[in-house]
Amino acid sequence: MISRLSYIFRETGASMQRNVTLSVAAVITSAVSLLIFGLTLIIQHGFDNLLAQWEGGVEMIVYVNAGAGDEQRLVVEEALSQQVGITIEDWSYCDVTCSLTDADRLFAGDPGTRAQLTADNIPTQYKVVPLDATQVDILRGLRDRYLELPNVYSVQLAEEQLDLISKLQGFVSTYTTGLWIALMIAASLLIWNTIRTAMFARRREIEVMKLVGATDWFIRVPFMLEGLLQGVAGGAVASIAMWFINDRWTAGVESFPVNSGMTALVVIDGYQWQVALILIVFGALIGTIGSGTAASRFLDV
Amino acid sequence: MIRLENVTKSYSEEVIALRDASFEVAKGEFVFLVGPSGSGKSTLLRLINRQERPELGAVWVAGRNIVDMPGNRVPMLRRNIGNVFQDYKLLSNKTVFENVAFALEVIGRPKHVIRQQVPAVIDLVGLAGKEDRFPDQLSGGEQQRVSIARAFVNRPLILVADEPTGNLDPATGEGIMRLLDRINGTGTTVVMATHDQRIVDAMRKRVIQLDRGVIVRDQARGVYQ
Numbered sequence: 001m002i003s004r005l006s007y008i009f010r011e012t013g014a015s016m017q018r019n020v021t022l023s024v025a026a027v028i029t030s031a032v033s034l035l036i037f038g039l040t041l042i043i044q045h046g047f048d049n050l051l052a053q054w055e056g057g058v059e060m061i062v063y064v065n066a067g068a069g070d071e072q073r074l075v076v077e078e079a080l081s082q083q084v085g086i087t088i089e090d091w092s093y094c095d096v097t098c099s100l101t102d103a104d105r106l107f108a109g110d111p112g113t114r115a116q117l118t119a120d121n122i123p124t125q126y127k128v129v130p131l132d133a134t135q136v137d138i139l140r141g142l143r144d145r146y147l148e149l150p151n152v153y154s155v156q157l158a159e160e161q162l163d164l165i166s167k168l169q170g171f172v173s174t175y176t177t178g179l180w181i182a183l184m185i186a187a188s189l190l191i192w193n194t195i196r197t198a199m200f201a202r203r204r205e206i207e208v209m210k211l212v213g214a215t216d217w218f219i220r221v222p223f224m225l226e227g228l229l230q231g232v233a234g235g236a237v238a239s240i241a242m243w244f245i246n247d248r249w250t251a252g253v254e255s256f257p258v259n260s261g262m263t264a265l266v267v268i269d270g271y272q273w274q275v276a277l278i279l280i281v282f283g284a285l286i287g288t289i290g291s292g293t294a295a296s297r298f299l300d301v
Numbered sequence: 001m002i003r004l005e006n007v008t009k010s011y012s013e014e015v016i017a018l019r020d021a022s023f024e025v026a027k028g029e030f031v032f033l034v035g036p037s038g039s040g041k042s043t044l045l046r047l048i049n050r051q052e053r054p055e056l057g058a059v060w061v062a063g064r065n066i067v068d069m070p071g072n073r074v075p076m077l078r079r080n081i082g083n084v085f086q087d088y089k090l091l092s093n094k095t096v097f098e099n100v101a102f103a104l105e106v107i108g109r110p111k112h113v114i115r116q117q118v119p120a121v122i123d124l125v126g127l128a129g130k131e132d133r134f135p136d137q138l139s140g141g142e143q144q145r146v147s148i149a150r151a152f153v154n155r156p157l158i159l160v161a162d163e164p165t166g167n168l169d170p171a172t173g174e175g176i177m178r179l180l181d182r183i184n185g186t187g188t189t190v191v192m193a194t195h196d197q198r199i200v201d202a203m204r205k206r207v208i209q210l211d212r213g214v215i216v217r218d219q220a221r222g223v224y225q
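So the sequences go chain by chain: A and B. All residue numbers for the first sequence refer to the working numbering, where the first residue is 1 and numbers rise by one. All residue numbers for the second sequence refer to the working numbering, where the first residue is 1 and numbers rise by one.
It is worth saying that the hints were derived from the structure and are not from the lab. Check before you lean on any hint, since a few could be wrong.
Ranges of calculated distance between the beta carbons of each label pair, as one might list FRET restraints [claimed, not checked]:
| # | chain 1 | residue 1 | chain 2 | residue 2 | range |
| --- | --- | --- | --- | --- | --- |
| 1 | A | F200 | B | T186 | 20 to 26 Å |
| 2 | B | P170 | A | I185 | 55 to 61 Å |
| 3 | A | V281 | B | R73 | 51 to 57 Å |
One-sided and incomplete, this derived list gives chain A residues near chain B with beta-carbon spacing under 8 Å [to be verified]:
| # | residue |
| --- | --- |
| 4 | I8 |
| 5 | R105 |
| 6 | F218 |
| 7 | R220 |
Ideal placement from N, C-alpha and C gives every residue a C-beta, glycine not left out.
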């Protein structure tokens, strides 16, 4: 077993050395495709953060002044309850703790502003799910009425923020997904071609191996390992590049104006490490698929 | 050890390499396959190690019909058949030792077995002291000895040799024949395709003559013509 493993690693290393130009090209191509895939995941996660407060069909948020007591909030709750079954399907109260958690995500890219929000000064929220989200005029009418209630700090409608972000998210998602799929196919094909070239370069060895009774799997494995390593190397390079880009973006967002609406469009919750792992696994997959098909297809060189 | 029953093999409608060939080779026999180029000698050897499959007939090796043998069993078959070629098929980036060891390494033999068997077989073929040389540092005869060492290191039941003296001068060719005869003396069945009349006549072994894919003569202790 040990001698087999030592043979496999030795042959894989020798093949990569002989094929160094193609190996580097395969690693770069897979790294670029995986980087775009990783950035797509990161951007999607950023958009999710941006839209976090509107999850669950929420179309309107009524912000109540910090420090408003239970009796003062009762006025707002009665006004909301009167509309349940008429224009409102449901509403829920987001207390101080819940509002601070929302702020963590909304101001993730603006730690300065987030630091100013405390349990004493953060407005709490009523999240409202309407019966029919398409009846924008009704929602606007409700907003105007709730703004007149005492202790209401502001009322925000999803249409003001959600439509633009949703469109942007859809656009980015569609085009980056198309791009990373195309590039991953290209990376896999390049690895396939690299392995084909490696097998052609070693056709005499393969012929001898077959004649002395080596199994097809024994012949294939070093080539498959070569492709796997190229894919994993591509995934590792992509992960480093993604970490760097995300870090620079996060630093840049801090300088955006608070009302730019972009302060939530960052990923700092450890999700980037999950994405790095995904990239390495995907790299290993495209490497193995590319090299595995080539090693099977061109064994009779 | 080897039995062909009514074997026909063609490469196209016009090129029929073997027609209805039948013969049997006993364990420990030494058989020459003779005939002009294109008579079917190499095809016959390729049928024995399952590099080719016939359209018709059966090829029995060590008691098994290998024609319909599943692909995953073929490596096991080949571990019992050593192959020697006219062009040696040595790996130029490996030393004598590594070329011979390669045959054991790729079938998963442990290192201690390789360390034990390879020097012994290198000594057997008369190349002791040249283990660290590369093929291009050896003469043609020495390269063919390495090829024979690689074919024999796993102690196969059968050794098939396709024109092993074809690229060698007569004196060197005789040395290779003495080596093959010695290997045959250990009980290994040897089937050798050749054009070399002098060698066939000198050895006086069984001769199977082919002409355009047909066996035209099968003679014990025969001569070339």
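**Message:** Range first: 20 to 26 Å. Now tell me if the beta carbons of A/F200 and B/T186 are that far apart.
**Reply:** violated, 38 Å
**Request:** Mind checking the CB of A/R105 against every CB in chain B and telling me if the closest is under 8 Å?
**Result:** Violated - the Cβ of A/R105 stays beyond 8 Å from chain B, reaching only about 56 Å at its closest.
**Restraint satisfaction for A/R220 [CB to CB of chain B, less than 8 Å]** = violated, 12 Å
**Message:** Assuming the hint says 55 to 61 Å, is it satisfied by the Cβ distance from B/P170 to A/I185 or not?
**Reply:** holds, 59 Å
**Interface restraint verdict for A/F218 against chain B (beta-carbon cut-off 8 Å)** = holds, 6 Å
**Verdict for A/V281, B/R73 (Cβ pair) under range 51 to 57 Å** = violated, 36 Å
**Request:** Have a go at the A/I8 hint: is there a Cβ in chain B nearer than 8 Å to its own Cβ?
**Result:** A/I8 check fails; min Cβ-Cβ to chain B is 11 Å, beyond 8 Å.
Checked against the numbered hints listed earlier, the structure breaks hints 1, 3, 4, 5, 7; every other hint is satisfied.
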